[in-house]
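Q: Spelled out from the first residue to the last, the chains are:
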Amino acid sequence: MLRWLIGGGREPQGLAEKSSVQTIGEEQIQNPYTELLVLKGHQDIVRFLVQIDDCRFASAGDDGIIFLWNAQTGEKLYELHGHTHKITAIAPFSSSGVTEEKTDLIITASADRTVIVWDCTSGRQVQKVSCFHSTVKCVTVLQRLNVWLSGGSDLCVWNQKLDLLCKTSHLTDAGVSALVELPKNCVAAAVGKELIIFRLSASNNGSEVWNILEVKRLVDHQDNISSLVSVNDLTFVTGSHIGELIVWDALDWTKQASECNFWDSSVHPDVQPEIKLSQSPHETSVQHLTSDDECVFAAVGKGIYVYNLKMKRVIACQRAAHDSSVLHIEKLPNRQLISCSEDGSVRIWELREKQQLPAEPVPTGFFNMWGFGRANKQANQAAKKMQENTPVYFLELVGDLIGHSSAVQMFLYFGELGLATCSADHLIILWKDGERESSLRSLTLFKKLAQNGDLQLRL
Amino acid sequence: MISAPDVVAFTREEELEDDLYREPPLPEEYSVPLFPFAGQGANPWAKVAGSKFTRDFILISEFSEQVGPQPLLTIPDDAKVSGTFDLNYFSLRIMSVDYQASFVGHPPGSAYPKLNFVEDSKVVLGDSKEGAFAYVHHLTLYDLEARGFVRPFCMAYISADEHKIMQQFQELSTEFSKASECLKTGNRKAFANELEKKLKDLDYTRTVLHNETEQQKKANDKGYYTTQAIEKANELASVEKSIIEHQDLLRQIRSYPYRKLKDSEFHPYEPECALDRADVGSDQDPTASDPAEPGETHLYTHVPSYTPKLIKAKSAKCFDKKLKTLEELCDVYFFTQTLDQLHHIERTFRGDVCYLLTEQISRALLKQQSVTNFLFEDVSFLDEKPPEKQYRGCQELSQDAIDEKCSEESLAPKVIISLGSYKSSVECVPIKMEQEMEDSEEPKLSESVMSEHQENLDYLDADIKGSISSGESIEVLGTEKSASGLTKSESQASLPVIPSPQAGRSKVGSRRTVSEDSIEVLSTCPSESLIPEDFKASYPSAINEEPYADGDEGGLRFTPRANPGVRDGQDDASKQESLVQVDAACCIGKESPNFLEPLPELGQKPCEEDGVVRIPPQPYRPAEQGLRGGFPSHDGLSGGLLPYELDSRYLTGSREVSKSSLDECSDSTGHISSAASTCSDRTPSPAQPACAAGERHRKRAGQNALRFIRQYPFAHPAIYSLLSGRTLVVLGEDEAMVKKLVTALSIFVPNCGAYAKPVKHWVTSALHLVDFQKWKLIGLQRAVSPAGVNVLHALSRYSRYLSILDADSKTLRCPLYKGTVVARLADHRTQIKRGSTYYMHVQSILTQLCSKAFLFTFCHHLHLPINERESEESVVNRRMNFLKLQLGLANEDIKIVQYLAELLKLHYIQEPGQGGSPLLRFDYVPSFLYKI
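Taken in sequence, the protein lines are chains A and B. Each residue of the first sequence is one higher than the last, beginning at 1 in full-length UniProt numbering. Each residue of the second sequence is one higher than the last, beginning at 1 in full-length UniProt numbering.
Hints in this document: simulated from the structure, not taken from any laboratory. Check before you lean on any hint, since a few could be wrong.
[What the hints assert, rightly or not] Mimicking SDA-like on lysine to any residue, the simulated pairs with C-alpha atoms at most 20 Å apart in a straight line are:
1. A/Lys447 <-> B/Lys367
2. B/Lys774 <-> A/Thr73
3. A/Lys76 <-> B/Leu906
4. B/Lys757 <-> B/His697
5. B/Lys818 <-> A/Glu27
6. A/Lys447 <-> B/Leu862
7. A/Lys447 <-> A/Gln72
8. B/Lys367 <-> B/His907
9. A/Lys102 <-> A/Asn70
10. A/Lys86 <-> A/Glu27
11. B/Lys774 <-> A/Gly41
12. A/Lys448 <-> B/His861
13. A/Lys128 <-> A/His81
14. A/Lys40 <-> B/Val770
15. A/Lys448 <-> B/Lys178
16. A/Lys447 <-> B/Ile866
17. A/Lys102 <-> A/Cys55
18. A/Lys448 <-> B/Leu862
19. B/Lys178 <-> B/Pro76
20. A/Lys216 <-> A/Asp163
Computed from a prediction, not measured in an experiment: that's the story for all the values here.
Please model the entire structure based on the sequences and the hints provided.
A: Written as C-alpha cells, this is what we have:
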C-alpha cells in the first residue's frame with residue numbers, strides 16, 4: 001500500500017522497522033468498532049480519561065481544562081476551567097456522606113500546585129486547595145475510609161470536605177509517583193526506587209484525628225518504580241524503569257516473586273544483538289500494569305507480557321506489539337486485551353490457548369523472522385521444559401484502531417458503549433460498534449416517529 | 001429528479017406562421033420553419049423573432065408629472081440587454097395601462113386631503129410589433145411635493161415570450177409585490193419624515209406670523225386693521241389650516257401599518273414600527289372626512305429641513321422644481337433592498353418558460369420528499385418561501401381582510417389583491433368572452449366567438465397568440481384590476497380627477513373600447529372578492545392530474561399550479577367585471593369583433609402549438625464532439641462570451657440531446673435539461689456567475705462524470721465508494737485535473753445533512769481523521785516535497801477509511817464492487833451525450849436508491865423485533881431478506897442502501913437546533929488496486 005503510493009521512496013530501515021510489528025490487514029472480522037466519533041475540545045495533549053459513571057467520563061490534559069463527556073452521544077457536557085497548568089492527576093470520587101445522596105465528584109491536581117474538586121452533575125467547582133509545596137502527582141481515593149490522599153513531595157490525607165487530616169514529613173523532592181491502597185488501612189507509595197508503606201490510623205475516640213505512619217520501606221527495585229497496581233487483597237505488583245516486575249504480598253509486604261527478564265538477552269540469546277540495537281532503558285520500562293485474578297499484564301517497552309501469578313512466569317508475550325512504547329493496557333472481560341501506544345494506534349488482542357505445541361505458532365506471513373515468532377518459540381520451549389501439560393498461551397491481534405495522528409495516551413473501555421481514546425493530537429475518539437449504534441438509531445427513529453405521530457401521516 | 005421527456009422545446013414562430021399561412025401548407029414532417037435571422041447570430045429558438053432585446057429584463061418607469069412616462073432604470077443595468085428596444089416608447093405603453101386611479105387629493109366634500117392607500121395593479125401587456133410582452137406592476141408612491149401627493153411608478157418584467165409572462169404570472173406577481181411592498185414601506189417612512197419636517201416648518205411659520213400680528217396689533221393705535229394686518233391674519237389662518245391638514249396626513253400615513261397588518265400582502269419592515277409611536281388609538285377611517293374646500297397646494301412645494309424654516313405663501317412654479325428621485329422617495333436602504341429583490345426576480349425568471357415550469361414541478365415534488373430530499377439534492381432553495389403556500393395562505397388571509405374591509409371602508413377604492421385573482425387574470429382571457437356574452441349589456445361581442453371558444457378552453461396559449469397576431473400592436477392580455485370601482489374613466493395622465501368610487505362598479509367590463517394606440521384590454525381580472533370560493537378551490541386538483549397524464553407523451557405538457565390550462569364554467573361567474581376599458585382619452589374606437597376573430601382559429605390548432613417540440617431538429621454536426629480527447633471544457637461558460645456564441649454552443653448540444661434521447665429511449669428519464677432550456681431561450685445567462693451557478697455546476701459535473709465513466713474502467717468501484725460513504729481521495733499533481741475529477745464525482749456524493757455537499761476540491765496538506773468525517777470526496781495534491789511524503793504517509797495510515805484514485809497513474813485502490821446499481825448509474829456505453837442529461841439520469845437512479853433507502857429505514861420490523869421473544873438474529877435475517885428480495889439489491893448494493901438509510905436516520909433523529917456530530921462509519925474490508 002505504502003509502496004504503491006510512494007513508489008519505493010522510503011528508506012529501507014523504516015520499512016524494516018515497520019515490518020517487525022505484527023499487522024492484521026484490513027479485514028478484521030472480530031473488530032466490533034466500525035463507527036467513530038471525534039470529540040474535539042482540548043487544546044493540548046489529552047492525558048487522562050476517567051470514568052464517572054455508566055455513561056459519563058472526564059478528560060484532562062496539558063491544557064489544564066477538564067471536559068465532561070457523554071460516552072453514548074459524544075456530547076460535551078461541561079468544560080471545567082480552573083487550573084492554570086497542566087493536569088497531573090485525576091480521580092473520581094463519589095461521596096456518599098452527610099446528605100445521603102450520592103454525588104459524583106472528581107478531584108484534579110495540576111502543576112499549578114492546586115487541587116480542585118468538581119461536581120460532575122452541576123459542572124461547578126466545589127472546592128479548591130492551593131496550599132501545596134509541590135505539584136501533586138497522584139491522587140488516590142480511599143473510598144472505604146472516605147478520605148483521599150494526595151502525593152507530591154509529601155503525602156497528605158484529606159477528608160471529603162478538603163480538610164487536611166494529616167500529612168507525612170517531606171519525603172523526597174521527586175515526589176510520590178504512584179499510590180495504591182492496601183488492606184488494613186495501608187497504602188503503598190512509590191517514591192523513586194523505593195516503595196514505602198504507610199499506615200493510616202484514626203484516633204480511637206473518633207474525633208477525626210488522623211495519623212499517618214511510615215511502616216516499611218522496600219528497596220528491592222534497581223530503578224525508579226514506574227507503575228504500581230493492586231491485583232487483589234493479597235497481592236500487588238510494581239514495575240520499574242529497567243523492566244523489573246515484583247509481586248508483593250499485600251499483607252506482610254514481602255516479595256513473592258520477581259521477573260526482570262522481559263528484555264534479558266539471556267532468555268533470547270539469538271535475538272539479543274538486534275534488540276540491543278534499538279533498546280534504550282526506556283524501551284524496557286514497565287509503562288503500565290493491569291491485572292485480572294490470574295494474570296498481570298505488563299506493557300513493557302513496545303511489547304506486552306502476560307505474567308501468570310500462579311505459575312509465576314510469563315505465559316505469553318508480544319514482544320513488538322506496537323511500533324513504539326505501549327502506554328496503557330487494559331484487560332477486557334472477554335479475554336481480550338487492549339493496548340495503546342505512542343505510535344498512535346490502539347490494538348485489540350486476544351489471549352488464546354494452544355493445546356499442542358506447533359513448531360511455528362502462527363503462519364509465517366504474519367510475523368517477521370525475529371519478532372514474535374521466535375520469541376514465542378523460546379517461551380514455548382521454556383514452558384515445555386517446565387511443565388509438559390501446561391496450556392500454552394499466545395496473544396493474537398484481532399483488530400486495530402487507527403485514528404489518532406499522535407501518541408494515544410490512554411483509553412477507557414465502556415463495554416457496550418464503546419471505547420474512548422485520548423491522544424497527544426488533542427483529540428478524543430469514541431469508537432463504537434456500528435451495528436449496535438445503527439439499531440439504536442432505528443429505535444430512536446421509531447420513537448420519534450411515534451412521538452410526532454408521523455407513523456400514519458407519512459405513509 | 002423527476003423524470004421528464006428529454007426533448008427540447010421548440011415552437012414555430014408566430015410571425016412566420018403568418019407569413020407561411022398563405023402558402024400551401026407543408027406536410028407535417030417538414031413543418032419546421034426556416035429561420036430568417038439565423039445569419040445574425042440570433043437565437044432561432046426564440047419565440048418572437050422581432051424583439052429588439054436579447055434577454056428578459058425589468059424596467060422601472062415613472063409617469064412623471066413633468067415629462068410624462070419615462071424609463072428610470074433597467075435590471076440588469078446593461079445597455080446591451082435592452083438593445084435597440086425603445087424603452088421610452090415602452091414606458092409610455094406600460095404606464096398607460098394603469099387602471100387604478102391612484103391619486104390623492106381632496107375628494108369632493110372632504111375637508112382634508114386624503115391619502116388613498118391604493119393597491120398595486122398588475123397587468124399583462126403585449127406589444128407584438130416590438131416583440132415584447134410584459135408583466136406590469138403599477139404602484140404609487142407618496143411625495144409631498146408631487147401633484148396630488150402621488151407619483152405613479154411601474155415595474156415591468158419584459159420578455160419576448162408571452163407564455164412565460166402568462167404562465168408565470170402568479171409567481172411574478174408574488175415577487176413583484178414583495179419588491180413593491182418594500183418600496184412602499186420605505187416610501188411611507190420617508191413620507192412621514194417629510195411630513196414631520198413640514199409640520200415643524202409650519203409650526204415655526206405660525207409662531208413667526210403670530211408674533212408679527214401681535215406686534216402689529218400693539219403698534220396699531222388707529223383702531224382699525226391695516227391691509228397688512230389683515231393679510232397677516234389671513235396668512236396665519238391658512239398656515240393653521242395647513243397644519244391641521246398635514247397632521248391629518250401624517251396620521252393617515254402612520255396608521256397605515258395597523259390597517260394593513262391583517263393583509264397578506266403586507267410585509268412589514270422593522271424600521272417603520274418606530275414611526276408609529278403616535279396615533280395608536282386614532283385609527284380613524286381616513287375616508288370619512290368632512291366636506292371642505294380643496295387645500296392649498298401652494299404649500300406643498302417647499303423642501304423642509306430639520307431646522308424649521310419660514311414657509312412662504314407662494315410656491316415655486318411646478319415645472320421649476322426637481323422631483324425627487326426614486327431613491328430619495330424610498331429611503332436608500334429600502335431602495336437597495338428593492339433592487340436586490342428585482343435582481344433576484346430577474347435571476348429567478350431567467351431562461352425558458354418550459355424550463356421554469358419543469359423546475360417548479362420538480363421543486364414541488366422534491367419538497368414532498370421531505371425525508372429523503374437532502375441526500376442528493378440541493379435543498380437550500382426549498383427554504384425559500386414557496387409561492388404555492390403563499391398563494392393559499394394569502395387567499396385565506398385576504399378573504400378575511402376583504403370581509404373586514406368591505407364592511408368598514410365602503411368608499412375607499414381599496415382592493416385586496418390575492419394571488420388567486422392573479423391566476424384568474426391569466427385564465428380569464430378566453431373566458432371573458434363568455435362572460436361578455438352573459439353580460440347583458442354587451443351581447444354583441446361574444447356571439448361570434450362563443451361556440452368555438454368552448455372547445456378551445458384548454459389552449460389558452462394559442463388563444464393568446466391569436467390575439468397577438470391580430471395585428472394590433474399592443475394588447476393587454478390580462479390585468480389585475482385593482483379597484484373594483486375606479487376603472488371607468490380615470491387615466492394616469494390626468495391624475496387629479498376626482499374619483500367617483502361608486503360609479504363604475506356595476507358596469508365595469510361591460511364594454512370594450514379600443515384605443516387609438518390600439519391598446520386593447522382583452523381581459524382584466526376582477527378583484528378577489530368577486531371570485532366564488534369554490535372556484536378557487538378547484539385549482540389544485542386540476543393541477544395534480546394533468547402533468548402526469550400528459551407526461552408520457554414526450555411533450556412538455558406539465559402544467560404547474562400557475563398554469564391556466566384548466567378552466568371551468570365557474571370562471572364565468574367570476575368574470576363579471578373582468579373587462580375593463582382603457583382610458584378613453586388614449587383610445588379610439590375599434591370594433592371588437594376584429595380582434596376577436598383570430599381567436600377561434602388559433603384555438604383550433606392542435607396542441608403542437610403549445611410550445612413543445614414534437615419533431616426534433618436534425619443535428620448539424622456529429623454528436624461526439626465534446627467527448628474526444630482529454631477534458632476539453634466544452635461546456636465552460638466564461639463570462640466573456642457573447643450571448644450568441646453561447647447560444648450556438650448550446651444549440652448544438654441541445655440538438656444532440658434531443659437526438660440521442662429519441663434514438664435511445666432507455667434514457668428517457670432526462671429533463672429538458674437546464675442547458676437545453678437555456679439555449680432555447682433568448683436569454684442565455686452567463687453574465688452573472690452568481691446566478692444559475694447551480695445549473696452550470698450540474699452541467700459541468702454531468703459532463704465530467706460522463707467522461708470519467710468512459711475513460712476509467714474502474715469507475716464503478718469508485719462510485720460505489722462514494723455511495724457507500726467511504727471517502728474517496730483523488731490524488732494528483734495537476735490541480736485542474738483533480739478538480740475536474742472531483743467535480744465529476746461530486747454528483748454521486750450523498751449529503752450528510754441539509755448543508756453543503758461533503759466535497760473538498762483541493763487540499764494540499766496531510767489529511768486527518770476529522771477530514772474524513774467532514775468530507776466524502778477530497779481532491780489531494782501529490783507533491784514531491786517532504787511535506788508531500790507526509791501527505792502520502794497519512795494516506796497510507798488512514799487507508800482503511802479511504803479509497804484512493806490516483807489521477808496521475810490512473811489507478812484506484814478501493815474495495816471490490818460486485819453490485820448492479822452502479823452499473824446502471826454509470827454505464828460507460830451509455831448513449832447519453834450531454835452532461836446535463838446525464839446528470840438527470842444520475843439523479844433519477846439516485847432517487848430510486850433514495851426511495852429504497854427510505855423504505856428500508858422506515859420499515860419498523862426490519863430494525864426492531866416484532867415481539868419480545870424474537871431474537872436479534874431473526875431481525876437481522878428479516879432485514880437482509882428485505883434488502884435482497886424485496887428491494888432486489890445484490891452484494892455491495894446493500895451497503896449503499898444501508899449507508900443511505902443511516903444518513904436518513906441521522907437526519908431524522910437530529911434535533912433541528914443542534915448540528916449533529918458527524919460520525920464516521922467504516923468497514924474492515926480489503927481494498928484492491930485497479931489499473932487501466
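Q: Would you mind confirming whether the straight-line C-alpha gap from B/Lys774 to A/Thr73 stays at or under 20 Å?
A: holds, 18 Å
Q: Take a quick look at whether A/Lys447 and B/Leu862 sit within 20 Å of each other, Cα to Cα.
A: Satisfied, since the Cα-Cα distance of roughly 15 Å is no more than 20 Å.
Q: Take the C-alpha atoms of A/Lys86 and A/Glu27, compute the straight-line distance between them, and say whether it is at most 20 Å.
A: Distance ~39 Å between A/Lys86 and A/Glu27 Cα, so the pair is violated.
Q: For the pair we were handed, A/Lys76 and B/Leu906, check the Cα-Cα distance against 20 Å.
A: holds, 19 Å
Q: Between the alpha carbons of A/Lys102 and A/Cys55, is the straight-line distance 20 Å or under?
A: holds, 16 Å
Q: Does A/Glu27 lie within 20 Å of B/Lys818 when you go C-alpha to C-alpha?
A: Status holds; Cα separation ~18 Å.
Q: Take the C-alpha atoms of A/Lys447 and A/Gln72, compute the straight-line distance between them, and say whether it is at most 20 Å.
A: Holds, because 18 Å separates the two Cα atoms, which is no more than 20 Å.
Q: Check the hint pairing A/Lys448 with B/His861 against an upper bound of 20 Å on the C-alpha distance.
A: Within the cut-off at roughly 16 Å; holds.
Q: Is it true that the CA of B/Lys774 sits at most 20 Å from the CA of A/Gly41?
A: holds, 17 Å
Q: Starting from A/Lys447, check that the Cα of B/Lys367 is at most 20 Å away, please.
A: violated, 24 Å
Q: Has the given pair, B/Lys367 with B/His907, been kept, meaning a C-alpha gap of at most 20 Å?
A: holds, 16 Å
Q: With a cut-off of 20 Å on the C-alpha distance, tell me whether B/Lys757 and B/His697 pass.
A: Given pair B/Lys757, B/His697 holds - Cα atoms ~13 Å apart, limit 20 Å.
Violated hints for the displayed structure, listed by number in ascending order: 1, 10, 15 and 20.
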